[in-house]
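**Q** Chain residues, written in single-letter form:
There are 2 protein chains.
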Amino acid sequence: MSGDHGLSVTVPAALSCLEQIPALHVVLVGDQPLIEAELRRLKAAKSDPRRRIHHASEVVGMDEAPTKALRNKKDSSMRVAIDLVKDGAAQAMVSAGNTGALMATAKFVLKTLPGIDRPAIVSAIPSVSGHVHMLDLGANAECTSEQLFQFAVMGSALITAMQGKPQPRVALLNIGSEEIKGNDVIKGAAALLQASSLNYIGFVEGDGIFLSDVDLVVCDGFVGNVALKTGEGVAKMIRQFLKDEFTASFLNKLAAVAAMPALKALGKRIDPRHYNGASFLGLSCTVVKSHGGADAVGFANAIRVGVREVELDVPRRISVLLGQTLQTRSEPIAPTA
Amino acid sequence: MSGDHGLSVTVPAALSCLEQIPALHVVLVGDQPLIEAELRRLKAAKSDPRRRIHHASEVVGMDEAPTKALRNKKDSSMRVAIDLVKDGAAQAMVSAGNTGALMATAKFVLKTLPGIDRPAIVSAIPSVSGHVHMLDLGANAECTSEQLFQFAVMGSALITAMQGKPQPRVALLNIGSEEIKGNDVIKGAAALLQASSLNYIGFVEGDGIFLSDVDLVVCDGFVGNVALKTGEGVAKMIRQFLKDEFTASFLNKLAAVAAMPALKALGKRIDPRHYNGASFLGLSCTVVKSHGGADAVGFANAIRVGVREVELDVPRRISVLLGQTLQTRSEPIAPTA
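Those protein sequence lines, which keep their order, are chains A and B. Take the first sequence: its position 295, counting from 1, is numbered 323 in my numbering, and each next residue is one higher. Take the second sequence: its position 141, counting from 1, is numbered 169 in my numbering, and each next residue is one higher.
Simulated from the structure, these hints should not be mistaken for lab results. Note that the structure is predicted; figures quoted are calculated from it, not measured. Don't take each hint at face value.
Because identical chains share one entry, a pair is satisfied inside a single copy or across any pair of copies.
Unchecked claim - Calculated lysine-lysine pairs in the BS3-like style (CA-CA distance at most 30 Å, straight line):
{"hint": "1", "residue 1": "Lys296", "residue 2": "Lys281"}
{"hint": "2", "residue 1": "Lys264", "residue 2": "Lys296"}
{"hint": "3", "residue 1": "Lys271", "residue 2": "Lys281"}
{"hint": "4", "residue 1": "Lys135", "residue 2": "Lys215"}
{"hint": "5", "residue 1": "Lys215", "residue 2": "Lys96"}
{"hint": "6", "residue 1": "Lys264", "residue 2": "Lys292"}
{"hint": "7", "residue 1": "Lys292", "residue 2": "Lys102"}
{"hint": "8", "residue 1": "Lys271", "residue 2": "Lys193"}
{"hint": "9", "residue 1": "Lys114", "residue 2": "Lys296"}
{"hint": "10", "residue 1": "Lys74", "residue 2": "Lys114"}
{"hint": "11", "residue 1": "Lys215", "residue 2": "Lys264"}
{"hint": "12", "residue 1": "Lys281", "residue 2": "Lys139"}
{"hint": "13", "residue 1": "Lys139", "residue 2": "Lys292"}
{"hint": "14", "residue 1": "Lys296", "residue 2": "Lys96"}
{"hint": "15", "residue 1": "Lys114", "residue 2": "Lys102"}
{"hint": "16", "residue 1": "Lys135", "residue 2": "Lys271"}
{"hint": "17", "residue 1": "Lys71", "residue 2": "Lys193"}
{"hint": "18", "residue 1": "Lys74", "residue 2": "Lys292"}
{"hint": "19", "residue 1": "Lys264", "residue 2": "Lys281"}
{"hint": "20", "residue 1": "Lys292", "residue 2": "Lys281"}
{"hint": "21", "residue 1": "Lys264", "residue 2": "Lys139"}
{"hint": "22", "residue 1": "Lys114", "residue 2": "Lys264"}
{"hint": "23", "residue 1": "Lys102", "residue 2": "Lys281"}
{"hint": "24", "residue 1": "Lys193", "residue 2": "Lys135"}
Given the sequences, and given the hints that come with them, work out the whole structure.
**A** Structure below.
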């Protein structure tokens, strides 16, 4: 129901995913008459055994305080959809709504996995080597070393599941690559990672997110959110500059026509819609957050992220890896000569 | 002496600035025989009344611990150059060396201005509206609300001096534009700024650094450094992608020739060399840090930043504005109906 564009994005995205993914069943949760109207507008089939509507009378506003939404809106589309996951009527929930409210509600209803303090938001983002996963992207403004360690475990399990990499390369985001830099929380997390069975490769700085050979970048939610949005901002700025320059003169406009295939290929490589869909890792079930401003192409990608995580059983894999790494950690360290 | 390329960058940059800026006098501080050899290699005039060498026998390593450098290397080029500023033999110091050691030494020798707890690193960076200043970029990994407020005062004074803007637009970097987000330090800084005479416009998120109409973005040094380097990383990644796409096929290679003027104009607009030279604000004198990897074009830009700050008397202006804003703050707030 929510996000910047509501049903005009979520419903067509759901329909296109139903077409493309034969195993998918979709429950559209929200205002039934409005959803039905949107289905009619889109000329969708009158009925589809893999599609149903579940009515919910309320909507959480994009700027509503998370605690208020959690307390007062028990029949919001967000809450009802999460309840369906809890009850086993659905295996994953995808939303373009209020991030804070979604996190608070998902954590309250679904609970975190044993051994996980707080869920974290993870997403793939483009990099020179293809893409890199990063977390936390905004759920936890302040973190302990132990939490950063848990994020590394969750992210590693996700990447192993999604990409089949047995030992994903994990780095901590820091402001210097030398060990003398960074604050105590990051130094503590580095020590925990170094002593663990994860494939920890050390620190990366901001530019290293995009330029180094790393699979997972771990940081607190404040820094991660700033880095993610800074990256989006620079990409948008450069797109604007390219547009300015390719329309600056008649000759440049001609050149733009010739350059279009290359520019389109570039645009596709950094198209944020193909990276839309951030997972809330650490919950007992799969919850995926779409960018509030995503269009139907972007929202469909978020649905696909949810489908893959269900197929690959990501929450269980996180539990298993967490158990393994904690066990390794508690073993006595072998004496060295 | 230091930075990634040493004298092969700093000496030619100094010579080109001497040619371009008639009022400039340069003291080259470092190993005299090596500097003389570099001058000979560059076929510089045997003598120049505006150029002299001041010998220093040691060099601070790029990875040396700041406290060690400060304690043990009293005859390093870095320390001697800062001493020259302290003694009035020079008005500004420019270095491509170890950032941490430069900050520690400059703070110890030159002291901060009255009312300033800690210096901060500021630089201009490109944005859609031309450019934006941002601080702190890495000197202070953790900050109090009061320190963020001081950064806002220092940055405002700098922008007013350098650009003649009487009331620069100041924003705080945060992870949400709504007031419910952010941590206590940022909320406290927002309250201080709102009650001050500065032109505080509210929060920006990471993308807003580059896309909004703001003159100064204030944040702690950890977040600022990550944002700065993230921006550099994304710009480099997109440059790489552009290169990939424009060499992907014979037709694209042809298009690249036509597109060259536009691509070159883009490159110039985001060329980090034209933004090289970060000031250490809050010291009693001007100290400018060049990127360690800068070439002679970049290092010359850092020298020009130093020249402008001396001409415009930036440290004194910061003192004056700080006095004014603190005075406004202590005045009783007028009762409202």
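**Q** Classify it for me, Lys271 with Lys193: is the Cα-Cα distance of at most 30 Å met within a copy, between copies, both or neither?
**A** between (39 Å within a copy, 29 Å between copies)
**Q** Can you give me the call for Lys74 and Lys292, within, between, both or neither, at a CA distance of at most 30 Å?
**A** neither (37 Å within a copy, 55 Å between copies)
**Q** Are the CA atoms of Lys264 and Lys296 at most 30 Å apart within a copy, between copies, both, or neither?
**A** both (13 Å within a copy, 17 Å between copies)
**Q** At most 30 Å between CA atoms: does that hold for Lys193 and Lys135 within a copy, between copies, both, or neither?
**A** within (28 Å within a copy, 48 Å between copies)
**Q** Measure nothing new, just compare the shortest in-copy and cross-copy C-alpha distances for Lys264 and Lys292 to 30 Å and report within, between, both or neither.
**A** Answer is both; intra-copy 14 Å and inter-copy 18 Å each pass.
**Q** Between copies, within a copy, both or neither: which fits Lys264 and Lys139 at Cα up to 30 Å?
**A** neither (37 Å within a copy, 41 Å between copies)
**Q** Cα distance capped at 30 Å. Does Lys296 pair with Lys96 within a copy, between copies, both, or neither?
**A** Answer is neither: 39 Å inside a copy and 49 Å across each miss the 30 Å cutoff.
**Q** Are the CA atoms of Lys114 and Lys264 at most 30 Å apart within a copy, between copies, both, or neither?
**A** Result: close neither inside a copy nor across copies, 39 Å intra and 44 Å inter.
**Q** Can you tell me if Lys135 and Lys271 fall within 30 Å by alpha carbon in one copy, between copies, both or neither?
**A** Close neither inside one copy (43 Å) nor across copies (44 Å); limit 30 Å.
**Q** How do Lys292 and Lys281 come out at 30 Å by Cα distance, when the copy is not named: within, between, both, or neither?
**A** both (15 Å within a copy, 15 Å between copies)
**Q** Are the CA atoms of Lys215 and Lys96 at most 30 Å apart within a copy, between copies, both, or neither?
**A** between (36 Å within a copy, 20 Å between copies)
**Q** 30 Å Cα cut-off: does Lys102 pair with Lys281 within a copy, between copies, both or neither?
**A** neither (55 Å within a copy, 59 Å between copies)
Figure legend: structure checked against the earlier numbered hints; hints not met, in rising order: 7, 9, 12, 13, 14, 16, 17, 18, 21, 22, 23.
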